[in-house]
Amino acid sequence: MKTLAELAAIREKTKKNIVLREESDENTRVVVGMATCGIAAGARPVLAAFIDEINKRGLKNITVTQTGCIGVCRLEPIVEVYEPGKEKVTYVKMDADKVAKIVTDHLVNHRPVVEYTIEDALK
Amino acid sequence: MKELSLHILDIAQNSVKAGATEIKILVDEQPAENALRIVIEDNGSGMDKAFLERVTDPFTTTRTTRKVGLGIPLFKQAAELTGGKFEITSEVGVGTKVTAQFVYDSIDRMPLGDMPFTITTLLGSKPGIEWIYEHKYGKNTFTFSSREIIRQIGDIDYNQPEIVEWIAQYISEQLQNLYGEV
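Going line by line, the protein sequences match chains H and F. Quick note on numbering: the numbering used here labels position 104 of the first sequence as 104, and the sequence is numbered without any gaps. Quick note on numbering: the numbering used here labels position 69 of the second sequence as 69, and the sequence is numbered without any gaps.
Watch out, some of these pointers could steer you wrong.
No farther apart than 27 Å at their CA atoms in a straight line, the calculated lysine-lysine pairs in the DSS-like style are these [what the hints assert, rightly or not]:
hint, chain 1, residue 1, chain 2, residue 2
1, H, Lys-56, H, Lys-2
2, F, Lys-126, H, Lys-93
3, H, Lys-60, F, Lys-126
4, H, Lys-60, H, Lys-15
5, F, Lys-24, H, Lys-93
6, F, Lys-2, F, Lys-49
7, F, Lys-24, F, Lys-85
8, F, Lys-139, F, Lys-85
9, F, Lys-139, F, Lys-126
10, H, Lys-13, F, Lys-126
11, H, Lys-60, H, Lys-2
12, F, Lys-136, H, Lys-2
13, F, Lys-2, F, Lys-126
14, F, Lys-24, F, Lys-139
15, F, Lys-139, H, Lys-2
16, H, Lys-98, H, Lys-86
17, F, Lys-126, H, Lys-2
18, F, Lys-2, F, Lys-85
19, H, Lys-93, F, Lys-17
20, F, Lys-126, H, Lys-16
21, H, Lys-15, F, Lys-126
22, F, Lys-2, H, Lys-101
23, F, Lys-85, H, Lys-98
24, F, Lys-126, H, Lys-86
25, F, Lys-126, H, Lys-88
26, H, Lys-56, F, Lys-126
27, H, Lys-123, H, Lys-93
28, F, Lys-24, H, Lys-2
29, H, Lys-101, H, Lys-60
30, H, Lys-88, F, Lys-49
Cβ pair distances, simulated, as ranges [what the hints assert, rightly or not]:
hint, chain 1, residue 1, chain 2, residue 2, range
31, H, Asp-105, F, Lys-126, 29 to 37 Å
32, H, Ala-100, F, Arg-151, 31 to 39 Å
33, H, Tyr-82, F, Glu-173, 32 to 40 Å
34, H, Asn-55, F, Lys-126, 17 to 25 Å
35, H, Lys-56, F, Gln-152, 25 to 33 Å
36, F, Gly-138, H, Gly-71, 43 to 51 Å
37, H, Arg-57, F, Glu-148, 12 to 20 Å
38, H, Thr-104, F, Ser-145, 18 to 26 Å
39, H, Thr-117, F, Lys-49, 40 to 48 Å
40, F, Phe-51, H, Glu-26, 41 to 49 Å
What the hints contain is simulated information worked out from the structure, not anything from laboratory work. A quick note: this is a predicted structure, and the numbers were derived from the prediction, not measured. A virtual CB, placed ideally from N, CA and C, is assigned to each residue, including glycine.
Start from the sequences and build out the full structure, keeping to the hints where you can.
See below:
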């Protein structure tokens, strides 16, 4: 059984990362749209897949947060990636299968996956 | 929505937006009585009578990005499809309580789905909210309280992937216990 002591240990470990991050100012944010439209379209498994992939690869300096309706409900689930010093990248019609590619290509290698972006979808 | 847990996620977001500082989620499964009850209760801003009367209408919303709000109508429909009931009570300045009652064995009752990830998603939605998640199955009860976590180990960042994963696994372990699968 899991105990809260384990959680305390994880927190200590992530705290160190947070300090490092603040110093290096290299925090990447992954933001998932989580309003009715996003949830109905499958945003929660997408968020879960990001958590899973980031943990599997042991990536640091990345937080996964949520926002409300972004306003283009027909393209949900929508995910925005904010890398420091770069333009925001908006991914649309997301599913759990697309997440792995975004994590490896974009979050690890800093090359956005153009074919999943809103620009590509609206072409 | 494909799962009741997604409705819970969606409806509890309303509580977050209503500025609640304490949000309680109850999932009460009583197969012997053929009943499943979901209650989401908050101490947020509440709604006045006029808004409350219109709130199950899809063309009522507080959102500004468009003019329809489907969260509550969809949840109501999910309950009523099973032959169950749906009720919202609210008072301005006090809070809101949403109760959905389902017929447990109805073929139209959606599965409960992934409660652990609904809870971790809610925990990460906005800092500073006290979450209480109580889940009953027959005579067994499991309670998850964010205040209890703070009391025992202090404040934590619910947007850290490692922490999210740990809490989801913790809740899922506790639910397995609750269902007596361990």
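Here's how the hints hold up against the structure:
1. With a C-alpha separation of about 19 Å, the suggested pair Lys-56(H) and Lys-2(H) falls inside the 27 Å cut-off, and the hint holds.
2. For the hint pairing Lys-126(F) with Lys-93(H), the CA-to-CA distance comes to about 25 Å; that is within 27 Å, so the pair holds.
3. Taking the CA atoms of Lys-60(H) and Lys-126(F), the gap is near 21 Å; set against the 27 Å cutoff, the hint holds.
4. Of the pairs offered as hints, the one joining Lys-60(H) and Lys-15(H) holds, with about 11 Å between alpha carbons and a cut-off of 27 Å not exceeded.
5. Annotation: proposed proximity of Lys-24(F) to Lys-93(H) is violated, straight-line Cα distance about 32 Å (limit 27 Å).
6. For the proposed pair Lys-2(F) and Lys-49(F), the alpha carbon gap of about 31 Å is over 27 Å, so the pair is violated.
7. Note on Lys-24(F) and Lys-85(F): the hinted pairing holds, with a Cα-Cα distance of about 20 Å set against a maximum of 27 Å.
8. Restraint check for Lys-139(F) and Lys-85(F): satisfied, since their Cα atoms lie roughly 23 Å apart, inside the 27 Å limit.
9. With a CA separation close to 32 Å, the supplied pair Lys-139(F) and Lys-126(F) exceeds the 27 Å bound.
10. Restraint check for Lys-13(H) and Lys-126(F): satisfied, since their Cα atoms lie roughly 22 Å apart, inside the 27 Å limit.
11. With a C-alpha separation of about 23 Å, the suggested pair Lys-60(H) and Lys-2(H) falls inside the 27 Å cut-off, and the hint holds.
12. Among the hinted pairs, Lys-136(F) with Lys-2(H) is consistent with the structure: their alpha-carbon atoms are about 20 Å apart, no more than 27 Å.
13. For the hint pairing Lys-2(F) with Lys-126(F), the CA-to-CA distance comes to about 25 Å; that is within 27 Å, so the pair holds.
14. For the hint pairing Lys-24(F) with Lys-139(F), the CA-to-CA distance comes to about 19 Å; that is within 27 Å, so the pair holds.
15. Simply put, Lys-139(F) and Lys-2(H) have alpha-carbon atoms about 23 Å apart, close enough for the 27 Å limit, and the pair holds.
16. For the hint linking Lys-98(H) to Lys-86(H), the alpha-carbon distance of about 21 Å falls within 27 Å, and the restraint holds.
17. With a C-alpha separation of about 25 Å, the suggested pairing of Lys-126(F) with Lys-2(H) holds against the 27 Å cut-off.
18. Under the criterion of a C-alpha separation no larger than 27 Å, the hint pairing Lys-2(F) with Lys-85(F) is consistent with the structure, at around 19 Å.
19. Using a Cα cut-off of 27 Å, the hinted pair Lys-93(H) and Lys-17(F) holds, with the two alpha carbons roughly 25 Å apart.
20. Between Lys-126(F) and Lys-16(H) the CA atoms are separated by roughly 22 Å; this keeps the pair inside 27 Å, and the hint holds.
21. Under the criterion of a C-alpha separation no larger than 27 Å, the hint pairing Lys-15(H) with Lys-126(F) is consistent with the structure, at around 19 Å.
22. At most 27 Å may separate the alpha-carbon atoms for a hinted pair to count; Lys-2(F) and Lys-101(H) meet this at roughly 26 Å.
23. Between Lys-85(F) and Lys-98(H), the direct Cα distance comes to roughly 38 Å. Violation of the 27 Å bound is thereby established for this hinted pair.
24. Annotation: proposed proximity of Lys-126(F) to Lys-86(H) holds, straight-line Cα distance about 25 Å (limit 27 Å).
25. Distance restraint check for Lys-126(F) and Lys-88(H): the Cα-Cα separation of roughly 22 Å lies within the 27 Å cut-off, and the hinted pair is therefore satisfied.
26. For the hint pairing Lys-56(H) with Lys-126(F), the CA-to-CA distance comes to about 25 Å; that is within 27 Å, so the pair holds.
27. A distance of roughly 14 Å separates the Cα atoms of Lys-123(H) and Lys-93(H); the hinted pair therefore holds under the 27 Å criterion.
28. Taking the CA atoms of Lys-24(F) and Lys-2(H), the gap is near 23 Å; set against the 27 Å cutoff, the hint holds.
29. Straight-line distance between C-alpha atoms of Lys-101(H) and Lys-60(H) comes to about 17 Å, which keeps the hinted pair within the 27 Å bound.
30. Restraint check: the Cα-Cα separation between Lys-88(H) and Lys-49(F) comes to about 42 Å, which exceeds 27 Å; the hinted pair is violated.
31. A beta carbon spacing of about 30 Å between Asp-105(H) and Lys-126(F) agrees with the range 29 to 37 Å that was offered as a hint.
32. Between Ala-100(H) and Arg-151(F) the Cβ separation comes to about 38 Å, which falls inside the hinted range of 31 to 39 Å.
33. Between Tyr-82(H) and Glu-173(F) the C-beta distance comes to about 33 Å, which sits within the given range of 32 to 40 Å.
34. Checked against the hint of 17 to 25 Å, the pair Asn-55(H) and Lys-126(F) passes, with Cβ atoms roughly 23 Å apart.
35. A hinted range of 25 to 33 Å holds for the C-beta pair Lys-56(H) and Gln-152(F), which are about 28 Å apart.
36. Roughly 44 Å separates the CB atoms of Gly-138(F) and Gly-71(H), a value that falls within the hinted 43 to 51 Å.
37. The given range of 12 to 20 Å is broken by Arg-57(H) and Glu-148(F), whose C-beta atoms sit roughly 31 Å from each other.
38. Thr-104(H) and Ser-145(F) have their C-beta atoms about 37 Å apart, which leaves the hinted 18 to 26 Å range violated.
39. Hint check: Thr-117(H) to Lys-49(F), Cβ distance near 46 Å, so the stated range 40 to 48 Å holds.
40. In this structure, Phe-51(F) and Glu-26(H) meet the distance hint of 41 to 49 Å, their C-beta atoms being roughly 45 Å apart.
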